[in-house]
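A.B. asks: Listed here are the chains, written in short residue letters.
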Amino acid sequence: MRPVIQVSAVRKTYGSTLAVDEVSFEVNEGEIFGLIGPNGAGKTTTMECIEGLRTPDRGTISVLGLDPFNDVYKLQERIGVQLQQAQLQKRIKVWEAVDLWASLYHKDAIDGERLLEQLGLIDKRNAWFMTLSGGQKQRLFIALALINDPEVVFLDELTTGLDPQARRAIWDLVRGIRERGKTVFLTTHLMEEAERLCDRVAIIEHGRIIDIDTPQSLVNRHCPERTVVLATDDLTAVEHFRTIPQVLAVTCTDSQFTIRGRGDDLVTEVIHCLSENRIRVTDFRTILPNLEDVFLKLTGRPIRD
Amino acid sequence: MLRGLWKLTWIEIKIFLREPLGAFGTIGIPVLVFVVTGRIVGHSLAPASLAASGFISAGLPVLASVLISISAVLSLVTIISIYREGGILKRLRATPLRPQTILTAHVVVKLLLTAATLALMVLAGKRYYPVGIHAPLLGFTMALLISTCSILSIGFLIASIVPTARFAQPIGAVIMYPMIAVSGLFVPVKSLPPTLQSVARVVPLTYTVSLLEGIWRGDAWSAHAGDILALVVVFIVCTALSAKVFRWE
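Going down the list, the sequences are from chains A and B.
All residue numbers for the first sequence refer to this note's numbering, where the first residue is 8 and numbers rise by one.
All residue numbers for the second sequence refer to this note's numbering, where the first residue is 276 and numbers rise by one.
A few of these clues could be false.
Unchecked claim - Straight-line alpha carbon distances no greater than 20 Å define the calculated PhoX-like cross-link-like pairs of lysine-lysine that follow: (1) A:Lys144 <-> A:Lys131; (2) A:Lys97 <-> B:Lys519; (3) A:Lys97 <-> A:Lys131; (4) A:Lys131 <-> B:Lys519; (5) A:Lys81 <-> A:Lys114; (6) B:Lys289 <-> A:Lys97; (7) A:Lys97 <-> A:Lys144; (8) A:Lys114 <-> B:Lys289.
Said to hold, decoys possible - Chain A stretches covered by chain B per the calculated footprint, using a threshold of three residues with CB under 8 Å from any CB of chain B: (9) 71–84; (10) 99–112; (11) 282–290.
Calculated directly from the structure, the hints in this document are not laboratory data.
Glycine included, each C-beta is placed from N, C-alpha and C at the ideal position.
All chains, full assembly: derive it from the sequences and hints.
C.D. replies: Set out below in structure tokens:
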């Protein structure tokens, strides 16, 4: 896989505030790459430096082999951008926006009507922008980001402010963009979104990248603990659980046991132990760590303040 | 990027016409006021009356033109700051569209609307005002274009520095309207106190009024080379300054 975005030691300050510091990463062709972190971590600044909308103080950026600062117009022909909290003219019609955007690029734009159809906006083609719902607005911005058939698509906080149903619909659309062979670079502060959508994520906080990998690898590396919660009346069970090598701790309240341990084998071992000792359970569930826990572990604070 | 400019201009015109009071407020009301005033003045004064014809044949067209172009400028300032606050300017900039093109489209829209308003006034006013027969309309249009571009550049400078859309209209008005007072539009500059006269000399609008009144009277262009030079200088300085300080977000 060849990298389509290369960011190296980028630094950006606003006055005395250090927004992005020594940020380096690569995004590969055809993947969905997520820059994740809390609000104010430097996600948007990093993205806008890559899009050519901001100039970094230091460091180098290359997108599709182009320098976003010197080749900004060439670059914008080949990328699609959705900005955080952007608006359009209140009374512009959906089809007019798509038509305008299509006229801005030198290469032939893709069929706007088909795009609206694919994004479920065809019924709204004559509606004013101000009358659209949050989800419809975001779908329109996705349409505008795709109108020039870009090689890389940038999506900044795409689903912020949307209800869960609209959010899921948007996720499907983003996966659809990847299936068309495009590279997607997105930012989000929603860990669930990153986990469900991204092939790889970079965790950023206070303008610095803390770690980069697939969501699963990050979880395995930083939060290898697994937890099994089960309910049984057999009070001797606790002794059996303690013999499992992966188990770190067993706690018991009433007839509910919480077994904490390390590694993927923990759950198998617990099940094995239950059947071997013929322990009758009335409830059994596992708690797996996620990116939310990784973030907490790495930064010492939850992502939502 | 002429294609983008044309499309954007056309869409901005359509959007403007969809605003509540957009077309009526900007084009309809001035024309209406013009016609109503015409009926009153036209009925109460004989056309031959020197006082009436003096004001109507020179003062009124210039007054109307200047007020209309100033209101266009103020609405430009407001629109630019609303677009900036809403992130519309930023979104347009994240395309291959050149920044100049985006701003030019707005200027073209305002110029067209100003032209449409004035054209309608001339048509509607024909019945009531004994003007337009001897007035050099083409020359006056040229002079008005130069003046409006110059005032628009001041508007852009204001649009570049106003902090938020809420302040755009009031700040614009506070800067533009006092200029009218000393510009010679209502009171000739020569009759102003000496202090105000020197203020008038640095106010761009003074040159606008002098140019427009002169051309309307039938003066030669050469008699107003100084006015034109002043307006061109204003245009260049304001455009250069706003290019430096303009904020896209």
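A.B. asks: Next, verify each hint and record whether it holds.
C.D. replies: Results for each hint:
1. Restraint check: the Cα-Cα separation between lysine 144 of chain A and lysine 131 of chain A comes to about 11 Å, which is no more than 20 Å; the hinted pair holds.
2. Straight-line distance between C-alpha atoms of lysine 97 of chain A and lysine 519 of chain B comes to about 28 Å, which puts the hinted pair past the 20 Å bound.
3. Our distance criterion of 20 Å between C-alpha atoms is met by lysine 97 of chain A and lysine 131 of chain A, whose separation comes to about 14 Å.
4. For the given pair, lysine 131 of chain A sits about 40 Å from lysine 519 of chain B by alpha-carbon distance, which is inconsistent with the 20 Å threshold.
5. The straight-line distance between the Cα atoms of lysine 81 of chain A and lysine 114 of chain A is roughly 11 Å, inside the 20 Å bound, and the hint therefore holds.
6. The straight-line distance between the Cα atoms of lysine 289 of chain B and lysine 97 of chain A is roughly 12 Å, inside the 20 Å bound, and the hint therefore holds.
7. For the given pair, lysine 97 of chain A sits about 11 Å from lysine 144 of chain A by alpha-carbon distance, which is consistent with the 20 Å threshold.
8. For the hint linking lysine 114 of chain A to lysine 289 of chain B, the alpha-carbon distance of about 26 Å lies beyond 20 Å, and the restraint is violated.
9. Beta-carbon proximity to chain B at under 8 Å applies to 3 residues in the segment 71–84 of chain A; the threshold of 3 is reached and the given coverage holds.
10. A count of 8 residues in the segment 99–112 of chain A with a Cβ less than 8 Å from any Cβ of chain B is obtained; the coverage claim is therefore met, three being the minimum.
11. A count of 0 residues in the segment 282–290 of chain A with a Cβ less than 8 Å from any Cβ of chain B is obtained; the coverage claim is therefore unmet, three being the minimum.
Hints 2, 4, 8 and 11 from the list above are not met by this structure, while the remaining hints are.
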